[in-house]
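Undergrad: Based on the provided sequences and hints, a complete structural model is requested.
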Amino acid sequence: MFKISQQDQNNSSTTESNKTALKKTPLYNEHVKLKGQIVEFGGWLMPVQYTNVIDEHTTIRTKVGLFDTCHMGEFFISGEDAFKLIQIIGTNDIARLEDGKSMYHIWCYENGTTIDDSFVYKFKDNNYMIVVNASTIQKDFDWLKFQATKNNLAVELVDASDDTGKIDIQGPFAEKTLQKLTKLDLTSLKRFYFVSTQLITVANDGSIENKESNDYEEGNGEIDCIISRSGYTGEDGFELYFAAEKAPLVWNLLLVAGKEFGIKPCGLGARDTLRLEACYSLYGHEIDESITPVEGGLGWAVKENKECKDNKGNKIDFVGKQILAEQKKNGPKRIIAALEMIDKSVPRNSYEIFDEDKTKKIGYVTSGTFCPTLKRSVAMGLIDSAYSKVENIVSIKIRDNFYRANVVKRPFYEFCSGKK
Amino acid sequence: MDNPDDRKYTKEHEWVKVENKEGMNATATVGITFHAQELLTDIVFVELPKAGKKVEQFKQLAVVESVKSVSDVFSPVSGEVTAANNELTSNPELINKDPYNAGWIAKLKIEDNAKLNNELNNLMSAEQYGEYLKTAAH
Chain E
1 MFKISQQDQN NSSTTESNKT ALKKTPLYNE HVKLKGQIVE FGGWLMPVQY TNVIDEHTTI
61 RTKVGLFDTC HMGEFFISGE DAFKLIQIIG TNDIARLEDG KSMYHIWCYE NGTTIDDSFV
121 YKFKDNNYMI VVNASTIQKD FDWLKFQATK NNLAVELVDA SDDTGKIDIQ GPFAEKTLQK
181 LTKLDLTSLK RFYFVSTQLI TVANDGSIEN KESNDYEEGN GEIDCIISRS GYTGEDGFEL
241 YFAAEKAPLV WNLLLVAGKE FGIKPCGLGA RDTLRLEACY SLYGHEIDES ITPVEGGLGW
301 AVKENKECKD NKGNKIDFVG KQILAEQKKN GPKRIIAALE MIDKSVPRNS YEIFDEDKTK
361 KIGYVTSGTF CPTLKRSVAM GLIDSAYSKV ENIVSIKIRD NFYRANVVKR PFYEFCSGKK
Chain D
421 MDNPDDRKYT KEHEWVKVEN KEGMNATATV GITFHAQELL TDIVFVELPK AGKKVEQFKQ
481 LAVVESVKSV SDVFSPVSGE VTAANNELTS NPELINKDPY NAGWIAKLKI EDNAKLNNEL
541 NNLMSAEQYG EYLKTAAH
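In order, the protein sequences belong to chains E and D. No gaps in the numbering here: position 340 of the first sequence is 340 in this note's numbering, and each next residue is one more. In this note's numbering, each residue carries its 1-based index in the second sequence increased by 420.
Mixed in with the good hints, there may be bad ones.
As the list claims (entries may be wrong) - Derived DSBU-like pairs: lysine-lysine, alpha-carbon spacing no greater than 35 Å straight-line:
hint, chain 1, residue 1, chain 2, residue 2
1, D, K554, E, K397
2, E, K176, E, K259
3, E, K183, E, K24
4, D, K431, E, K361
5, D, K554, E, K24
6, E, K35, E, K344
7, E, K328, E, K312
8, E, K360, D, K441
9, D, K474, E, K397
10, E, K344, D, K517
11, D, K479, E, K344
12, E, K344, D, K473
13, E, K358, D, K473
14, D, K529, E, K397
15, D, K517, E, K397
16, D, K479, E, K23
17, E, K33, D, K554
18, E, K375, D, K441
19, E, K139, E, K409
20, D, K431, E, K33
21, D, K431, D, K474
22, D, K431, E, K344
23, D, K470, E, K360
24, E, K139, E, K183
25, D, K441, D, K527
26, D, K441, E, K35
27, E, K358, D, K479
28, E, K124, E, K397
29, E, K358, E, K333
30, D, K441, E, K397
As the list claims (entries may be wrong) - Which chain E residues stay away from chain D? Per the calculated CB distances, all over 10 Å, these:
hint, residue
31, D55
32, K63
33, G79
34, A95
35, D99
36, N151
37, D162
38, R191
39, P248
40, K306
Bear in mind the hints are in silico, worked out from the structure with no lab data behind them. The C-beta atom is built at its ideal place from N, Cα and C for all residues, glycine as well.
TA: Have a look at this one:
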């Protein structure tokens with residue numbers, strides 16, 4: 001055995017020899033200390049798991065856990081045309097975004113296929129942060145510059161990805177854990193809202209003063225931090241942004257603060273099963289350079305009627321609008337469907353999907369796994385829309401055999417459904 | 421954990437326990453090692469072979485899946501499958517809990533005892549396997 005075929009191509013194990021070419025986050029040494037199993041992911045050395053995927057997945061659903069997301073990209077966009085640029089490059093309507101809130105925003109090419117998906121954070125008018133996927137940072141930033149130049153827009157673009165640390169704290173006890181490190185009343189922070197504030201390195205209840213690690217020696221101050229109530233797990237939680245060099249300190253403060261709630265560091269393995277249960281798209285799988293957001297089941301984030309203007313104030317289309325509007329109106333020929341296995345087996349990325357009679361190939365699996373919370377195997381698959389009706393049965397070819405699966409309603413796991 | 425010395429081991433981390441080796445009805449029970457299940461972590465699915473399947477030494481016999489990985493199980497010896505451990509269908513984690521007993525995967529009927537003896541010479545004893553695990557990371 002051990003011809004292990006890793007399920008995520010971006011996620012293959014690495015040998016010592018090629019590790020030098022790969023990037024490390026500021027938390028790399030913490031992962032090694034915590035005995036995380038390190039793999040390559042999109043050019044980065046990241047922990048895939050510390051204990052095992054099921055344990056870490058369950059920790060997020062029932063307690064609280066931490067993810068290193070320092071590898072993700074952060075762009076700061078300002079200047080008098082900042083709003084216009086963001087409105088032109090993406091599908092959602094940024095005009096609806098209020099100060100202190102974030103919005104899901106998908107970037108497309110003219111033909112409607114997807115460059116990347118992102119979250120836009122609005123500080124105030126013409127002052128934004130955009131968070132993008134790690135493997136697409138350079139492509140995305142080049143695209144922003146290209147569109148700014150093409151449309152003659154007065155903007156200032158800063159790629160702060162290398163200088164920005166990011167940690168996601170997720171789970172039903174995320175709020176209680178983080179509350180120890182901030183004077184802000186977190187109960188007042190609603191989902192998708194954020195605040196620019198400080199983390200305190202000595203907890204409100206003094207518990208952090210019982211230093212259990214020397215990592216706090218540089219503490220006893222405040223750390224500038226954006227606290228956003230959001231995440232990628234289907235559970236309550238926060239995404240924290242701060243200076244990259246503070247990452248080990250923030251990481252260890254959180255681990256101590258969450259100790260009484262059973263906090264654990266969690267790897268990319270659990271991050272993937274959690275987001276799949278919640279039916280969140282992963283760039284490179286449900287959407288990519290050959291798949292449009294409408295095909296990806298993300299039509300709700302495509303606002304084809306939004307107002308978009310050029311630098312002279314004339315109305316223009318956002319990039320990709322024509323095709324996306326047409327696909328929304330007439331329905332895409334293929335679409336991402338949520339699939340749940342009827343027969344026992346585990347569907348995986350790129351397995352072929354056939355109709356119930358196994359005679360016609362109708363698509364392929366974009367993401368699939370055994371789901372720890374549901375204790376069932378599920379997948380998302382890009383299939384011929386004619387077969388995408390809920391309760392329709394399809395056949396997934398797994399090695400040499402066909403296994404039946406049902407099309408089901410998205411998501412597999414309702415947001416925060418475990419919350420008391 | 422000690423690997424039992426009543427069986428033989430492959431470099432790919434399978435074990436085989438042969439019974440009635442000198443008789444007419446030699447049988448082999450196959451599974452994966454403690455080390456294998458430790459590397460795989462949480463086993464969530466086992467694709468078992470069907471009875472009647474004929475398999476050659478070191479060819480694919482079954483598939484073991486964790487949340488994140490798919491691994492072939494190769495047969496340590498040649499033979500015909502007479503039974504698969506159906507308990508693993510509902511409790512695949514038996515392999516994690518008890519890889520050398522309750523977590524067995526398949527039983528094979530041996531058709532050629534001379535061939536079997538040759539094949540067993542290609543495998544490691546418990547002691548040799550223990551040394552093999554120490555020599556390098558597998």
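Undergrad: A separate judgement is required for each hint: does it hold in the structure or not?
TA: So, going through the hints one by one against the coordinates:
For the given pair, K554 of chain D sits about 39 Å from K397 of chain E by alpha-carbon distance, which is inconsistent with the 35 Å threshold. With a CA separation close to 11 Å, the supplied pair K176 of chain E and K259 of chain E stays within the 35 Å bound. Among the hinted pairs, K183 of chain E with K24 of chain E is consistent with the structure: their alpha-carbon atoms are about 32 Å apart, no more than 35 Å. Annotation: proposed proximity of K431 of chain D to K361 of chain E is violated, straight-line Cα distance about 39 Å (limit 35 Å).
A C-alpha spacing of about 29 Å is found between K554 of chain D and K24 of chain E, which places the hinted pair at or below 35 Å, so the restraint holds. Taken as a hint, the K35 of chain E and K344 of chain E pair is honoured in the structure, with Cα atoms around 33 Å apart against an allowance of 35 Å. A distance of roughly 29 Å separates the Cα atoms of K328 of chain E and K312 of chain E; the hinted pair therefore holds under the 35 Å criterion. Between the alpha carbons of K360 of chain E and K441 of chain D the distance comes to roughly 49 Å, so the proposed pair goes past 35 Å and is violated.
The suggested pairing of K474 of chain D with K397 of chain E holds, with an alpha-carbon distance near 23 Å, which does not exceed 35 Å. Restraint check: the Cα-Cα separation between K344 of chain E and K517 of chain D comes to about 21 Å, which is no more than 35 Å; the hinted pair holds. A threshold of 35 Å between alpha carbons decides the hint, and for K479 of chain D with K344 of chain E the separation of about 23 Å falls inside it, so the pair holds. Only pairs whose Cα atoms come within 35 Å are accepted, and K344 of chain E paired with K473 of chain D is accepted, the gap being roughly 20 Å.
For the proposed pair K358 of chain E and K473 of chain D, the alpha carbon gap of about 24 Å is at most 35 Å, so the pair holds. A C-alpha spacing of about 30 Å is found between K529 of chain D and K397 of chain E, which places the hinted pair at or below 35 Å, so the restraint holds. For the proposed pair K517 of chain D and K397 of chain E, the alpha carbon gap of about 30 Å is at most 35 Å, so the pair holds. Simply put, K479 of chain D and K23 of chain E have alpha-carbon atoms about 38 Å apart, too far for the 35 Å limit, and the pair is violated.
At most 35 Å may separate the alpha-carbon atoms for a hinted pair to count; K33 of chain E and K554 of chain D meet this at roughly 23 Å. Among the hinted pairs, K375 of chain E with K441 of chain D is inconsistent with the structure: their alpha-carbon atoms are about 41 Å apart, more than 35 Å. Distance restraint check for K139 of chain E and K409 of chain E: the Cα-Cα separation of roughly 34 Å lies within the 35 Å cut-off, and the hinted pair is therefore satisfied. About 30 Å separates the Cα atoms of K431 of chain D and K33 of chain E, which keeps this hinted pair within 35 Å; it holds.
Note on K431 of chain D and K474 of chain D: the hinted pairing holds, with a Cα-Cα distance of about 22 Å set against a maximum of 35 Å. For the proposed pair K431 of chain D and K344 of chain E, the alpha carbon gap of about 29 Å is at most 35 Å, so the pair holds. For a cut-off of 35 Å, the pair hint linking K470 of chain D to K360 of chain E stands: about 27 Å separates their Cα positions. Distance check on the hinted pair: K139 of chain E and K183 of chain E sit about 38 Å apart at the alpha-carbon level, beyond 35 Å; violated.
Restraint check for K441 of chain D and K527 of chain D: satisfied, since their Cα atoms lie roughly 14 Å apart, inside the 35 Å limit. Note on K441 of chain D and K35 of chain E: the hinted pairing is violated, with a Cα-Cα distance of about 44 Å set against a maximum of 35 Å. For the suggested pair K358 of chain E and K479 of chain D, the alpha carbons sit about 28 Å apart, so the restraint of at most 35 Å is met. Annotation: proposed proximity of K124 of chain E to K397 of chain E is violated, straight-line Cα distance about 50 Å (limit 35 Å).
For the hint pairing K358 of chain E with K333 of chain E, the CA-to-CA distance comes to about 20 Å; that is within 35 Å, so the pair holds. Between K441 of chain D and K397 of chain E the alpha-carbon distance is near 39 Å, which puts this suggested pair outside the 35 Å criterion. At roughly 8 Å, the least C-beta separation between D55 of chain E and chain D is not larger than 10 Å, which violates its mark as non-interface. With a least CB separation of 18 Å from chain D, K63 of chain E remains clear of the 10 Å interface cut-off, as annotated.
Distance to chain D confirms G79 of chain E as a non-interface residue, since its nearest Cβ pair spans about 43 Å, more than 10 Å. Here A95 of chain E stays apart from chain D, with its beta-carbon at least about 41 Å from theirs, past the 10 Å limit. Every CB of chain D is more than 10 Å from the CB of D99 of chain E (nearest about 40 Å), matching its label as outside the interface. Listed as outside the interface, N151 of chain E is consistent with that label: its C-beta sits roughly 43 Å from the nearest C-beta of chain D, beyond the 10 Å cut-off.
Against the 10 Å criterion, D162 of chain E stays outside the reach of chain D, whose nearest CB is about 29 Å from its own CB. The non-interface label for R191 of chain E is consistent with chain D: the shortest C-beta to C-beta separation is roughly 27 Å, beyond 10 Å. Non-interface status of P248 of chain E relative to chain D is upheld: no Cβ of that chain comes within 10 Å, the nearest being about 26 Å off. No Cβ of chain D approaches the Cβ of K306 of chain E within 10 Å, the least distance being about 39 Å, so the stated non-interface status holds.
Going down the numbered hints, you'll see the structure goes against 1, 4, 8, 16, 18, 24, 26, 28, 30, 31, while the others check out.
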